[in-house]
Amino acid sequence: MTSDRRFPYWPLLREMTRSEILLRDQGSLLGFLWTLLHPALMFTVLYALFSKWVGKYVEQYVAYLLVGIVLWNFFQKSTTYALGSFKRNRGTLMNYRFPREIVVLSSVGAVVWSSAMETAVLLGALLLLGQPPRWGWLLLPAVFALELALATGTALFLAVLAAEYQDVERIWDVLSSAFFYLTPVFYPLSILSPSKRRLMELNPLAQILAASRACIIGSTAPSVTESAAVAAAGMLLVAAGLAVLRRRQFKIMDKLLAR
Amino acid sequence: MSRPAIRARGLGKRFRIGTREGRRTLLSALRHNLTGASAHRDLWALRGLDVDVERGEIFGVVGSNGAGKSTLLLLLAGILAPTEGTLDVQGKTDPFFQFAAALRPELAVKDNIALCAALLGIPDRQLKRRFDRIVEFSGLSDFLYARYGELSTGMAARLPFAVAVHADLDIILVDEMLSVGDRAFQQKCLETFRALSREGKTLVVVSHDLNLIGELCGRAVLLERGRAAYCGPAAEAAARALAIPAPR
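Residue numbers (the numbering used here), protein chains in the order written: chain A, -11 to 247; chain B, 763 to 1010.
Treat the hints loosely; a few may be bogus.
Stated by the list, open to error - DSS-like, lysine-lysine: derived pairs with alpha carbons at most 30 angstroms apart: (1) B/890 to B/950; (2) B/854 to A/239; (3) A/75 to A/239; (4) B/854 to B/950; (5) B/872 to B/890; (6) B/854 to A/75; (7) B/854 to B/872; (8) B/872 to A/75; (9) B/854 to A/243; (10) B/854 to B/890; (11) A/243 to A/75; (12) A/184 to A/40.
To be verified - Label-pair ranges, simulated between beta-carbon atoms: (13) A/121 to B/961: 57 to 65 angstroms; (14) A/214 to B/778: 42 to 50 angstroms; (15) B/962 to A/223: 39 to 47 angstroms; (16) B/906 to A/224: 41 to 49 angstroms; (17) B/812 to A/228: 33 to 41 angstroms; (18) A/26 to B/812: 52 to 60 angstroms; (19) B/780 to A/72: 20 to 28 angstroms; (20) B/772 to A/214: 53 to 61 angstroms; (21) B/868 to A/123: 39 to 47 angstroms; (22) A/209 to B/780: 54 to 62 angstroms; (23) B/788 to A/29: 29 to 37 angstroms; (24) A/26 to B/772: 53 to 61 angstroms; (25) B/895 to A/29: 43 to 51 angstroms.
Said to hold, decoys possible - Only some residues are given here: those of chain B computed to face chain A with a beta carbon under 7 angstroms: (26) 786; (27) 787; (28) 788; (29) 842; (30) 864; (31) 876; (32) 881; (33) 886.
None of these hints come from the bench; they were simulated from the model.
Glycine residues also receive a C-beta, built at the ideal position from the N, C-alpha and C atoms.
Please take these sequences and the hints and turn them into a complete structure.
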């Protein structure tokens, strides 16, 4: 059985992801280097500001911060980019009939590509910093799959809402900024009070960051129970997002047509 | 007797269009739900349409701007859903209209062929087998690595058309596509439409070119303000469309 038969829209997902990747990098002087510039700048600023204060609570703060930034960037960029996917692909949606979720999935796919490059650079940087390769690195694809499910589910909801309401883009801008500080990207949860820590541990992204750090720099394996809970939440979110999108797809087309 | 390729009964499509300056925000949606206040009104783009289109038929749709022609094609393509009535479309279909809007002007012609094929559901292996034929049909062999946006409108329209005729569609929906392209390409399109019809494919052609409708189609529907004013022989539909006074 070919992959075409298992998922007949696989060539479309691949082509749309490919064209999203090409369009993102095309025409810019530095091309793909822009993708790396953003996390590099973010790292420099956060490290300069917080390494002395937060660094004393965390072993290998450089690696801790790099992992946090790469994973946060993936979530933030993929959800924000996918949010505008229906408007960006209006012409395609109006002229061809295909499962509408493909425009959202291809937007997330384009960010997966850039994040994979960031991760390769991250692992290269860790080797340069003297961090020997660990068996835990092999678990990274599974941990990233958890984040991919979480980001895809969120992206599906955001794309539907943004196609229907014009202020969703700004609302998500504000919410994702707040979410950045509520996620332990540059600080450890251990510096918080127990009550706040318990609350923050409900954030699935915090669990994903903890699991990634356990794989990359930690001495213990990621928690199976917590990872399973995040996987279940992620899959539930994707299923719910798909159901909402399919239910609203014609409403979305009416709204896109009226623009 | 076999089922028709397309059967519409009481088909209607309503849009909500703006009546004053107003953006669709979460706040305006909340206000609408609480008070019923709205900056929109209902517009029936199509209403009460009853039509059957048989397999292998070339069926025309004529009417003035805003008569509901494109809305009908979008409903037939399954891109929009009817607000009322029923619509039964038998077979694989996809519309052919604002092609350039659907593809990527920044990417190469070759990349756009692959994208267009994927959008029309052509599997990879089939595209590989048919790629040379598609390129030959389109006449774009010298432009495969040019950016799609660099092509003229007529040349650009050739690409999705060439891919679509190789896509094994059962019902082909054509919206004004013959208005672009040079005479030779238009002739090629007409010959292709007739060949597809002989193969049992159904074609629904929307055009303002009444001579073309009369010549190409067996039957046609004349739409006026969203309603079918006439449905019958294409020559008669074209003659009635011609008799509609032009808006002042």
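Comparing the hints with the structure gives:
Among the hinted pairs, residue 890 of chain B with residue 950 of chain B is consistent with the structure: their alpha-carbon atoms are about 23 angstroms apart, no more than 30 angstroms. The suggested pairing of residue 854 of chain B with residue 239 of chain A holds, with an alpha-carbon distance near 22 angstroms, which does not exceed 30 angstroms. A C-alpha spacing of about 14 angstroms is found between residue 75 of chain A and residue 239 of chain A, which places the hinted pair at or below 30 angstroms, so the restraint holds. For the proposed pair residue 854 of chain B and residue 950 of chain B, the alpha carbon gap of about 23 angstroms is at most 30 angstroms, so the pair holds.
Between residue 872 of chain B and residue 890 of chain B the CA atoms are separated by roughly 12 angstroms; this keeps the pair inside 30 angstroms, and the hint holds. Distance hint between residue 854 of chain B and residue 75 of chain A is fulfilled; the C-alpha atoms sit about 26 angstroms from each other, no more than 30 angstroms. Note on residue 854 of chain B and residue 872 of chain B: the hinted pairing holds, with a Cα-Cα distance of about 25 angstroms set against a maximum of 30 angstroms. Taking the CA atoms of residue 872 of chain B and residue 75 of chain A, the gap is about 25 angstroms. The hint holds against a cut of 30 angstroms.
Between the alpha carbons of residue 854 of chain B and residue 243 of chain A the distance comes to roughly 25 angstroms, so the proposed pair stays at or under 30 angstroms and holds. A hinted pair counts as satisfied when its Cα atoms are at most 30 angstroms apart, and residue 854 of chain B with residue 890 of chain B qualifies at roughly 21 angstroms. Proximity of residue 243 of chain A to residue 75 of chain A is assessed by CA-CA distance (about 10 angstroms); at most 30 angstroms being required, the pair is judged to hold. Between residue 184 of chain A and residue 40 of chain A, the direct Cα distance comes to roughly 23 angstroms. Compliance with the 30 angstroms bound is thereby established for this hinted pair.
A hinted range of 57 to 65 angstroms for the beta carbons of residue 121 of chain A and residue 961 of chain B is consistent with their spacing of about 60 angstroms. Checking the proposed 42 to 50 angstroms range against residue 214 of chain A and residue 778 of chain B shows it holds: the Cβ atoms sit about 46 angstroms from each other. Here the CB-CB span from residue 962 of chain B to residue 223 of chain A is close to 44 angstroms, well matched to the stated 39 to 47 angstroms. Checked against the hint of 41 to 49 angstroms, the C-beta distance between residue 906 of chain B and residue 224 of chain A comes to roughly 45 angstroms, which is consistent with it.
Checked against the given bound of 33 to 41 angstroms, the beta carbons of residue 812 of chain B and residue 228 of chain A, roughly 39 angstroms apart, stay inside it. A beta carbon spacing of about 58 angstroms between residue 26 of chain A and residue 812 of chain B agrees with the range 52 to 60 angstroms that was offered as a hint. For the pair residue 780 of chain B and residue 72 of chain A, the supplied restraint of 20 to 28 angstroms holds, since their beta-carbon distance comes to about 21 angstroms. The beta-carbon spacing between residue 772 of chain B and residue 214 of chain A, approximately 55 angstroms, falls within the hinted interval of 53 to 61 angstroms.
For the pair residue 868 of chain B and residue 123 of chain A, the beta carbons lie near 43 angstroms from each other, so the given range of 39 to 47 angstroms is met. A hinted range of 54 to 62 angstroms for the beta carbons of residue 209 of chain A and residue 780 of chain B is consistent with their spacing of about 57 angstroms. Take residue 788 of chain B and residue 29 of chain A: their Cβ atoms lie about 33 angstroms apart, and the range 29 to 37 angstroms holds. At about 55 angstroms, the beta-carbon gap between residue 26 of chain A and residue 772 of chain B stays in the expected band of 53 to 61 angstroms.
Separation of residue 895 of chain B from residue 29 of chain A is about 50 angstroms and conforms to the stated range, judged on CB atoms against 43 to 51 angstroms. The interface hint given for residue 786 of chain B holds, since its Cβ lies 6 angstroms from the closest Cβ of chain A, which is under the 7 angstroms cut-off. With a least beta-carbon distance of about 4 angstroms to chain A, the hint placing residue 787 of chain B at the interface is held under the 7 angstroms criterion. Checking residue 788 of chain B against chain A: minimum C-beta separation of about 5 angstroms stays under 7 angstroms; hint holds.
Satisfaction of the interface hint for residue 842 of chain B is found here, the shortest Cβ-Cβ separation to chain A being roughly 6 angstroms, below the 7 angstroms cut-off. A hinted interface residue such as residue 864 of chain B counts as satisfied when its beta carbon comes closer than 7 angstroms to some beta carbon of chain A; here the least separation is about 4 angstroms, so the hint holds. At its closest, the beta carbon of residue 876 of chain B sits 5 angstroms from a beta carbon of chain A; the interface hint therefore holds under the 7 angstroms criterion. Given the 7 angstroms rule on beta carbons, the hint for residue 881 of chain B holds: about 4 angstroms separates it from the nearest Cβ of chain A.
The beta carbon of residue 886 of chain B comes within 5 angstroms of a beta carbon in chain A, closer than 7 angstroms, and the hint placing it at the interface holds.
The structure is consistent with each of the numbered hints, conforming to all of them.
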